[in-house]
Amino acid sequence: GNSVTQMEGPVTLSEEAFLTINCTYTATGYPSLFWYVQYPGEGLQLLLKATKADDKGSNKGFEATYRKETTSFHLEKGSVQVSDSAVYFCALSGGGLTGGGNKLTFGTGTQLKVEL
Amino acid sequence: DAGITQSPRHKVTETGTPVTLRCHQTENHRYMYWYRQDPGHGLRLIHYSYGVKDTDKGEVSDGYSVSRSKTEDFLLTLESATSSQTSVYFCAISDLYNEQFFGPGTRLTVL
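Chains P and E, in that order, are what the protein sequence lines are.
Going by our numbering, the first residue of the first sequence is number 470, and it counts up by one from there.
Going by our numbering, the first residue of the second sequence is number 417, and it counts up by one from there.
Source of the hints: derived by calculation from the structure; they are not laboratory data.
Values in this document were obtained by computation on a predicted structure and should not be read as measured data.
For every residue, glycine included, the Cβ atom is placed at its ideal position computed from N, Cα and C.
Hints may be right or wrong, so weigh each one.
[Claimed, not checked] For lysine-lysine, the following BS3-like pairs were computed, each having C-alpha atoms within a straight-line distance of at most 25 Å:
hint	chain 1	residue 1	chain 2	residue 2
1	P	Lys-525	P	Lys-537
2	P	Lys-521	P	Lys-572
3	P	Lys-546	P	Lys-525
4	E	Lys-486	P	Lys-582
5	E	Lys-486	P	Lys-525
6	P	Lys-518	P	Lys-529
7	E	Lys-486	P	Lys-572
8	P	Lys-537	P	Lys-572
9	P	Lys-582	P	Lys-546
[Said to hold, decoys possible] Which bits of chain E does chain P cover? Going by a derived footprint, with three or more residues having C-beta under 8 Å, they are:
hint	segment
10	455 to 467
11	518 to 526
If we strip away everything but chain P, and leave its shape as in the complex, we get:
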């Protein structure tokens, strides 16, 4: 079945540092890949997505490239801010549900803490 593996946290960085959060996946077929972000006390928000190999998703300075050859979708940001402190989830969609729904498989999440 489908699975997503992402790096353990927490990741603690100083403001303006470079961020990488690793995500690898196992899937049949051609899944779409997502990064979601969860701020404290809130629900998940879509950060970026990529729907096919070599696509790059980007938003708010974050980027991730869909690498089929390495089955990876690593999240990067060149200069993090304190406001980026949150939990980041990698997810893939695939394995259609009855009725055509979009099944998401999530990684366990990586907590990011950015300090001044």
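Dock chain E against chain P, hints included.
The following block gives chain E in isolation, referenced to the frame of chain P:
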């Protein structure tokens, strides 16, 4: 922000009692989902709906039931709550093949 609300936002209950969580959307999306979030597990799908009165099980459906009598409402019921069902529950909505939008969550504690 997608119009999704969940109620209640927090609930404390006792083992063996029934509990119903409500998800309400104003987006007229066809698909609705219930997830639970637990440390070390990410989010796991409990049940989902692909239309009014059309529902199916996810990967962790034991002890849960759902109902959808209107497009905008999706109810999750714990028939007899257990301590293992202490969790944060999220509702999500989507259109076909599009990303899912999540509600703010309900924190449930079963004593």
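Verification of the hints:
Simply put, Lys-525 of chain P and Lys-537 of chain P have alpha-carbon atoms about 12 Å apart, close enough for the 25 Å limit, and the pair holds. Of the pairs offered as hints, the one joining Lys-521 of chain P and Lys-572 of chain P holds, with about 17 Å between alpha carbons and a cut-off of 25 Å not exceeded. Distance hint between Lys-546 of chain P and Lys-525 of chain P is fulfilled; the C-alpha atoms sit about 13 Å from each other, no more than 25 Å. The suggested pairing of Lys-486 of chain E with Lys-582 of chain P is violated, with an alpha-carbon distance near 41 Å, which exceeds 25 Å.
The suggested pairing of Lys-486 of chain E with Lys-525 of chain P is violated, with an alpha-carbon distance near 38 Å, which exceeds 25 Å. For the hint linking Lys-518 of chain P to Lys-529 of chain P, the alpha-carbon distance of about 13 Å falls within 25 Å, and the restraint holds. Straight-line distance between C-alpha atoms of Lys-486 of chain E and Lys-572 of chain P comes to about 22 Å, which keeps the hinted pair within the 25 Å bound. The hinted pair formed by Lys-537 of chain P and Lys-572 of chain P meets the criterion: a straight-line CA distance of about 20 Å does not exceed 25 Å.
With a C-alpha separation of about 14 Å, the suggested pairing of Lys-582 of chain P with Lys-546 of chain P holds against the 25 Å cut-off. As drawn, the segment 455 to 467 of chain E meets chain P at 9 residues by the rule of a beta-carbon pair under 8 Å; at three or more, the given contact holds. Only when three residues or more bring their CB closer than 8 Å to a CB of chain P does the claim for the segment 518 to 526 of chain E stand; here the count is 4, and the claim holds.
Hint compliance for this structure: hints 4, 5 are not met, and every other hint is.
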